[in-house]
Amino acid sequence: MQHSLLHGHGPDYQKIKHVLLVDDSPDDIALTRRALARAGFTVHLEVFQQKEAILQHLSARQNPSQTVPDLVLIDLSLPKVDGLKLISQIREQPLTRFLPVVALGTSCDNREVVSCYEAGASSYIFKATEFTEYAHTLREVCAYWLNLNITPMGSMLIAS
Amino acid sequence: MNKTVILVDDNPDDSLLMIRAIKKSGNDVNIVVLNSGAEALDYFFCRGNHQDRDVTQQSSLILLDLKLPKISGHDVLKQLRSDKRTQCLPIVVTSTSNEPSDVELSYRLGANSYIRKPVDFNTLVVVVGKLCEYWLNINFPAPETTEWTLKRSSC
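Taken in order, these protein sequences are the chains called A and B.
1 is the number of the first residue of the first sequence in this note's numbering; add one for each residue after it.
1 is the number of the first residue of the second sequence in this note's numbering; add one for each residue after it.
Keep in mind the hints are simulated off the structure, nothing from the lab.
For glycine and all other residues, C-beta sits at the position ideal for the given N, C-alpha and C.
Some hints could be false.
Only some residues are given here: those of chain B computed to face chain A with a beta carbon under 8 Å [said to hold, decoys possible]:
id	residue
1	CYS88
2	TYR107
3	ASN112
4	TYR114
5	ARG116
6	TYR134
7	PHE140
8	PRO143
Chain B extracted, bound-state conformation (with noise of 0.2 Å):
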């Protein structure tokens, strides 16, 4: 079964971005792309429109953008954070900002990583690959808990 990137940013045109780049650093996983904090919270928890989704299929790298509109980057990291369920998710925060309070922010709620996100494709595409051959080739995730089953047969 292929490995399982969730890509959290609301800019369909960053989001292309990180597909082809993911794409082209030869990584052959699922990518689902959560449009908003909302939608990001709604997938982990699975409720609203994922409240069916697939909760075997466990994530093995969730990319996070920051500038989310409504419910932030940093909200949806607290969030997924201080729930038993998703606490120990690899959670890496991709932003372009460089603001040494953003990064703080990030840590201290709880990312395992940040990166910057290079502007440069052709970078992007090394940083990507890197980042997956990091994650989901060396990493070992916290597996798949035992909640989701029994969150799942309460529904």
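Next comes chain A alone, as it looks inside the complex (with noise of 0.2 Å):
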């Protein structure tokens, strides 16, 4: 009930979710998988492990609808991956640059947030590397941004 009462405080208009998921460790992965289940979300998981692949994927032109995720959560840790150029890439593309992008940090030094938020990040959460204690912070973060945050793809699509 409560789902429906959020989720644009409209008509379900995106039944399943799209998430983006910047990760290389099969153990978080399969977390990460398991904490979304736990939570209740159906959400389809796509997961890069380089940002080569990741840039192409959301600049594809085919099909625009379908490549634009809802969320991207992106693991800053990942050592062949530089988590805020990233994100700056993301904020850079026309067809990304609106999208809810998280980071997910191990470490909440105070330079590293200030530097995720300079350059674009919507949000930084601590990645715990206790599993309840993140799929509860995982539960919170799909809850706010794919049921209670609206983009302007989403308000788009509630108004027509």
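Given two chains presented individually in distinct reference frames, assemble the corresponding complex, making use of the accompanying hints.
This is the structure in structure tokens:
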């Protein structure tokens, strides 16, 4: 009941949400899938481990309404991906500049947090190592960004 | 220390409803109400009536209405984002508007998020509860910068 009440305050305009995850740890990816399932969200989760692949995917123009995700989660601890640079590049592309981009950090270092926001992150979250805590956090992240937050794309769908 | 929620809204009835909703949702926070775009800018830039405000009281969440007289919510957003001292503040536009142009402009000017304010109070309580839960307990805001300390010492 609460989901339908909160979901854009109107009818479910998009039942299956697309979440894009940038992470290279098989264990963390599996944890994320479990956490999303446990939270009760029906999402299509796409995982990317390399910056080039994600940017190519996001810039694909064949079918924009399918390729634009509803939420991007970026693990900042990836050794091969500069998370800050990726956030900036996502913000530079017209198709993705208004996407909710949530940075998942493990240090909560002040400089890292500020850098994320300066790069254009919508939000910075502490990525807990303990599963229950991580699942709770992910549930709240998805509940907010997938059900409550309105994006330009979402507002056009509600208005139509 | 309790977290601080800044409410920028010129309609006293709407502000009161938001305050009631925040309290009813169980969030024990300090709430600062700014009644106009001009007052909001004075508050965040520590000038005018707010020049002596406590800059160590960090804004954990700013709920910004769009329809403000003279200086609109979008104007406030633009000015806050153009200053290094305020560019990382967590700003959520809360508006009854569903106009795609309002939503897009909000993001273009740097809003973190856009929430449509429900007209029904019970739904407002639920929405505000989720809003506060996320931005106050899940999200990590950018910490207070040293810019403010430098600014205050130069006044």
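Right, here's what the structure says about each hint:
Taken as an interface hint, CYS88(B) checks out: its beta carbon lies about 4 Å from the nearest beta carbon of chain A, inside 8 Å. With a least beta-carbon distance of about 4 Å to chain A, the hint placing TYR107(B) at the interface is held under the 8 Å criterion. Because the closest C-beta pair between ASN112(B) and chain A is about 5 Å apart, less than 8 Å, the hint holds. The criterion of a C-beta within 8 Å of any C-beta in chain A is met by TYR114(B), whose closest approach is roughly 5 Å, and the hint holds.
Hint status for ARG116(B) relative to chain A: holds, with the closest Cβ pair at about 6 Å, below 8 Å. Given hint, TYR134(B) at the interface with chain A, holds; its Cβ is 4 Å from that chain's nearest Cβ, closer than 8 Å. With its C-beta approaching chain A no nearer than about 4 Å, PHE140(B) sits inside the 8 Å limit, and its interface hint holds. A cut of 8 Å between beta carbons decides the hint on PRO143(B): the least distance to chain A is about 5 Å, and the hint holds.
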